[in-house]
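**Student:** Here are the chains, one letter per residue:
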Amino acid sequence: MKMPRTRRIAPPTRLIVVTVLAIILIVSVLGWQRWQAASSNSQQWRSEARRAYAAATTIDEETDRATRLQALTRLAALTDAQPTCEGEWWYGWVADVLPPASRAAQRCQTDVAVVAPVALQAEQLSTYLRQEAELAPIISSLTIDSAKSDWQANAAAAARQAETAVARLEPSEAFKPVQQCARQQMKTIGTRWQALEEASKKQDRKAYEAAVDGLDNAYLALSVIGDVSDQELGRLLEQLTLAGKKL
Amino acid sequence: MRGTHPILGSILILGLSVSQVLLPVANAQNERDVQALRPADYSSLRASIVKVKLPPMAQPAWLTQQLAAEAAAKSAARKKAASTITVSYDVMAKGVAESSMTEFRQLANQTLNDGRGWARMNVVFREVAGGGSFTLVLSEASQVPSFSSGCSSEYSCRVGRYIIINQDRWNSATSTWNQAGGNLRDYRHMVINHEVGHWLGHGHPGCKGAGQPAPVMLQQSIDLDGCTFNPWPLASELYSTQLGIN
Chain A
8 MKMPRTRRIA PPTRLIVVTV LAIILIVSVL GWQRWQAASS NSQQWRSEAR
58 RAYAAATTID EETDRATRLQ ALTRLAALTD AQPTCEGEWW YGWVADVLPP
108 ASRAAQRCQT DVAVVAPVAL QAEQLSTYLR QEAELAPIIS SLTIDSAKSD
158 WQANAAAAAR QAETAVARLE PSEAFKPVQQ CARQQMKTIG TRWQALEEAS
208 KKQDRKAYEA AVDGLDNAYL ALSVIGDVSD QELGRLLEQL TLAGKKL
Chain B
9 MRGTHPILGS ILILGLSVSQ VLLPVANAQN ERDVQALRPA DYSSLRASIV
59 KVKLPPMAQP AWLTQQLAAE AAAKSAARKK AASTITVSYD VMAKGVAESS
109 MTEFRQLANQ TLNDGRGWAR MNVVFREVAG GGSFTLVLSE ASQVPSFSSG
159 CSSEYSCRVG RYIIINQDRW NSATSTWNQA GGNLRDYRHM VINHEVGHWL
209 GHGHPGCKGA GQPAPVMLQQ SIDLDGCTFN PWPLASELYS TQLGIN
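Chains as they are written, first to last, in this note's numbering: chain A, 8 to 254; chain B, 9 to 254.
With the rest of the complex left out, here is chain B (with noise of 0.2 angstroms):
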């Protein structure tokens, strides 16, 4: 500022410190004038767009066929795990064991929850170590009748809680059952649901027509009676007095 007067001086600061203040608000002022012209204020494109909706869309029938299809067999899955009955046993041997305890476990157990057995009435069979609703035996052939005189050695046996698998018939099945060219796996699993089937409260029905699978409960150790061997129970089985289910 050398050769200037003061007071030019002044007022030159005076002047751009003015400027500052007032140039900031002039600039707002364009601002806001050009942010004040709102598209809305000259379109009427929006209030086209928002009335352009679409409506809730009624379900064709055949959608609401498979969806009550699939609600119904949903509600029955659910029912069906609510009302799952478990039913816990124990196993054990009589007498001279000549075959395996623990191939024997595996198969009734495998035999009690397959699904084209039992477990089709939502019964979950569940070995324990002891104190079960029912007592599995693999039982030597002379030991069978110990259970009860109305049990023959020769076949296998059900008394009160006690479901005894005759030795020799759990190792060779029956003359009857192998004549009609049935094997011993399904033998194994005709016997185990069979006695089974006793104590869940089965008596022995007859065949139902040559031909025909013979319910399980039918004596196929002895004769099939015209049916065809069965090692699972029919649809028409498939209740318990023993648990309450019709």
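With the rest of the complex left out, here is chain A (with noise of 0.2 angstroms):
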């Protein structure tokens, strides 16, 4: 019985198929542990998001607001340091071989879908505060110090100045409604302010006691812009309470 003749491979053709078979697994482990470290670092990244996204969400007496803020900042911050769950080309098919890479692959790729939402919505809900502590003093300037003798006449133009300011904010989306309405608030006042001044040039009593009756309710109607805050906000707070569920 004749036994069939093995085939010999060629010394220079077998130094090919090892050289080939051993970059194969160089790459094969040097991807494996590429996934793995992707995988570590969005792990590393939900697990900062879980703590900030906790730290900004706790409400109790021992956190104050300043450092509610403070972690939310850091929530949004995370859509800057978000991993990289894309393979490059020279290791990105080792997730589609190797199980423990795929396993790492999904992993990040779960951790990204889960933690962006939260992240972006943070950022969102941080724009928001911003552009809120903007408002805030521009409002502030409108208080009265009613001991100087000259203060209606400051009144009347910090009106008028806070009303330019308003107008000079940049709004996101989610702000505007609220610019619009401290605007509009800031209008009316100084409009008010004006038909006080004519009535009282003109002495006529009837016109500046409606001045003073709707100066009165322009002033008292400056809480609407709070009204509308606090409905942009809450909306805003349920899409971050709705998207850190998942964390």
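Just so you know, not all the hints are guaranteed correct.
Said to hold, decoys possible - Quick list of in silico lysine-lysine cross-link-like pairs, DSBU-like style, CA-CA up to 35 angstroms:
(1) B:K82 with A:K209
(2) A:K213 with B:K216
(3) A:K155 with B:K59
Hints listed in this document are in silico derivations from the structure and should not be mistaken for laboratory results.
Both chains come to you apart, so use the hints to assemble them.
**Tutor:** Here's what the structure looks like:
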């Protein structure tokens, strides 16, 4: 019986095969390590997100508003540190063929899918609160020091300046209704001061009394800005909470 | 449940029951979580808003003056309303009446309560059927002296509570009055005011100056004394010793 002859590989070809196999092995190991690192990063990222989210949403006597806002800023900043779960050409294929790498890639992508919306919501919320913090001193500029003799003239001028300052704010989508409302209220206050000045010049008692009433109402109506703000802020907080449930 | 094992069926039903009990709890938990975050825990806007208030505004001087004037006017009006004196009087005719008593009554009452007359002392004259504070009489001229020997049949007169209007004068005034261009209606106003003025406590003053309106108590039926005729009491005549008005 004639045994089939074993086909021998030529030494140069054998060298190439061995080299290719070695390269594949090395790339596989490196790829696996990269995926493990990506997964580890994403898990750290998610852990950081959980901590920040918890700090941002814990309402008790020990945590103050400033702490919550700092935590929100940290949470929002996670958008910039988002881990990459897309493999580069030379190792991306490893996740398709190597089960441990595949699992690591899956974990990374899950973490990104969960944390990214939370960070995005936190970013929108932080932006909103930052703009609100810009509006607050403008509103405070309307505070009247009635001890000064010329407080009426100062108050009228302050209302006009405040309207201009509010108009200059560059609002996010969420902050636009608040800005519009604030601008309208300040415009009303300015108009009422003007009506008062005119009635005073004409010594028109009825017009003067109507202007005083109107002015009083206009200052009281500033609380409408707070109502609009609460509505928008409430919506953003709700979206953050909904996104945060998956953390 | 045909073909399903009874125990499996029971487990299925139990499972459904448990899920129905637990699911609302889970949903309620979610709602609590959503509602847990309040804008007030994040926003400082309201704190800024509540500090902005309109202080009480001092009244401008012009408004203070306007209000003071208005308050004074109201006070005066209240005082006026509170101090109004009502004087009742009755009316009668003496002798043969050639004039309309209805017209006499109406014009007398209009004159007495006219804003230009004695009513300016916050006195209201009210005609009554009888028993008034004075009696207004439209008397035939010849009957006027019957009230008192001091009364002439030529002119009107006042005797005690009787205020007697001479019917001739009522119908045609006097030559002095008519020559001065006065009309009959004004004369009638004047004679009523003049004679009631006596009852109020006035005498006969003189003319204060040529060309000036005559005091209503001047004997204008006789002589204007340089004054212009005037059917209504002057401001200086607005007093009454009878009513205690100074």
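**Student:** Provide an ascending list of the numbers of those earlier hints which the structure does not satisfy.
**Tutor:** Structure breaks hint 2 only.
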